[in-house]
Amino acid sequence: MSLITEPQVVLDLAAPDRHAATRILAETLVGTGRCTDLETFLADVRAREEQMATGLPGGIGIPHARSAAITEPSLVFGRPATGIDWGAEDGPATLIFLIAAPDGGGEEHLKILAALARKLMRAEFRTSLMEAPDAAAVVDIVEKEVVNP
Amino acid sequence: MKFVGVTSCPTGIAHTYMAAESLEQAAKAAGHEMVVETQGAAGSQPIDPAVIAAADGVVFAHDLPVQNAARFAGKPTIDVSVKKAISDGPGLIAQAVAAVEEWKANPSAAVGAAHPAAAGGGLTTKVTEGVGTGTKIRQWLMTGVSYMIPFVAAGGILIAIGFMLATAAMGGNGPIEIVKYGLTAEGNYNIAQHFNPVSLTSWAALAFVMGGAAFGFLVPILSGFIAFAIADRPGLVPGIVGGSIAATMGAGYLGGLATGFIGGFAALWVSRWKVHKYVRGVMPVVVIPLVSSIITLGVFIVVLGRPIKWLSDELTKGLNGMTGASVALLGLVLGAMMGFDLGGPVNKVAYFFGTAGLATAGTAADSTPLKIMAAVMAAGMVAPLAMALTTVVRPNLYTEAERENGKAAWLLGLSFISEGAIPFAAADPWRIITASVIGSGVTGALSMVFGATSRAPHGGIWVLPLLGSWWWWLVSVAVGMVVMAVIVIALKTVDQAKHGSVERAVESATV
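Note that the protein sequences, when read in sequence, are chains V and L. Counting in our numbering, the first sequence runs from -11 upward without gaps. Counting in our numbering, the second sequence runs from 80 upward without gaps.
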């Protein structure tokens, strides 16, 4: 199972705020057939974001949701040229991970997302994504580090 | 230190795991161990109750209520939001360490918090700053005991194997014959010169001699590390050499206690001298060991040694001469102490009494100290076993998590790890401890009366082949276990009749 495919990598993400950025990233999931209803999914992500912004120290934003509109666990990677405010105290985010899980998905799927979340805490993982030259490299890193470690 | 923790977040797919990773990494970086239970969407794998029991502290980083939080009761706990763990793992670990230190400094408030902290690198003591004199003395003693125990274990088990093989090789005469062997003995009794690999007697003698050699260190190590706890490294020389002299003079562990305290304070005193800076450089390697040794050894050899030897002999004679009611009473009191705080200070005092007795008994084939050791070990197994039994007999008295704890408690109990009952005692202290004191006391008394013996300081069921009268020893454990289980069930049933089912109460609390 692949968590991420090349269309789900947006290396020059240009958006005025996090909601616009999330929309751009989520649209790629519609394109790859992983999201059946964009507006439902965005509403779910927004609901989570409103509970508490998902920006984290170190310039990371992790908008995420479990949604009925999602068909399989997916990751969309966004790298904005200029940071986008994601509600973290130490400044805007330069690495965005949109994490989408199907509602009531199987355990196996969720375990991969758990592994991804743990990887996000590793500096070397973040650096390698920050420095990845193209979409293929990003997909490769995620596949190697998270899906088939 | 060892920590356990729980993380959780509203969605259960990201923060939960990031926080867990952050905490585990931070703990590792600071040289601690940490196991985190991720109560997220990918199902949560409950932490092994034994791991929780062994943990020094707890970290909850959560946005949802912690599931089955009762499992972690009775330990110093840091409670924060999940985001805090992600943004500042190292800070939280530092907070947790501080909380554990503070907790340890005030052990009267803690049931079973006095676990040996497995610190990385260097020798450690159990001494904490800013505590009362009584607590300090206990911590000094326990430091000595904790370093002595491995010697007791290695030596005791070897000696027991020696006796076992000797009996197999030479019949009833074996245990008498075997003690004649040694490294410097004459003729065939010199095992170094006359070891015969096809002779069972030779193997018996070899095990016996090796065990005896390890036992020779009991008093010096006890004494040396009491002095170490008092004065740090400078205390080792007067402590160890003093202990060795105490052992040689036949003053036993009482002598070792004396040399440990004298050596420690002598070294502490000398190390506080104000000296010229040219002398300061040679203080730790020359002056402190020399002066503190002269004081400790001189005082002990000339003044204290003989009276303490007399006292020690009288005590041994008294113990060996004990019969009937007084034997039962001693077992009852020690057993009750073992069951009182399940690994806490009172339990450790009783355990110290048992192991110190082993040092006194030395390589003798049969004596009261060996019976005391057996009684102490039997009593220490009762509480976890009884709790495990009650979870099987009356599962409806317990929550799901407690029933899981019950399964682990079987193994912990059989291995003589009294702490296995702590999760139950922490959740319901007075009922469990009342029952535990009675059940463990019964077992202690029975084991003494039956005359079961042990020269292994630890191991529970796993050292059964090394115990004397093991059958009666098992009976005494079983009787205490049933007694305690019956009392627990009775007390809990009465309580439940009053307040309704535990299950329902817990469920309504978590919904």
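I should point out that these hints are in silico values taken from the structure, not numbers from a laboratory. The model shown is predicted, which means the values in this text are computed figures rather than measured ones. Any given hint could turn out to be false.
[Stated by the list, open to error] Derived contacts from chain V toward chain L, CB cut-off under 8 Å, selection only: (1) Arg34; (2) Gln39; (3) Pro45; (4) His52; (5) Ala53; (6) Arg54; (7) Ile87; (8) Ala89; (9) Leu98; (10) Lys99; (11) Leu101; (12) Leu108; (13) Met109; (14) Ile129; (15) Lys132; (16) Val135.
Glycine is no exception: its CB is placed at the ideal position from the N, C-alpha and C atoms.
Outcome of the hint check:
no., hint, result
1, Arg34, "violated, 13 Å"
2, Gln39, "holds, 6 Å"
3, Pro45, "holds, 5 Å"
4, His52, "holds, 5 Å"
5, Ala53, "holds, 6 Å"
6, Arg54, "holds, 6 Å"
7, Ile87, "holds, 6 Å"
8, Ala89, "holds, 5 Å"
9, Leu98, "holds, 4 Å"
10, Lys99, "holds, 5 Å"
11, Leu101, "holds, 5 Å"
12, Leu108, "holds, 6 Å"
13, Met109, "holds, 4 Å"
14, Ile129, "violated, 17 Å"
15, Lys132, "violated, 18 Å"
16, Val135, "violated, 15 Å"
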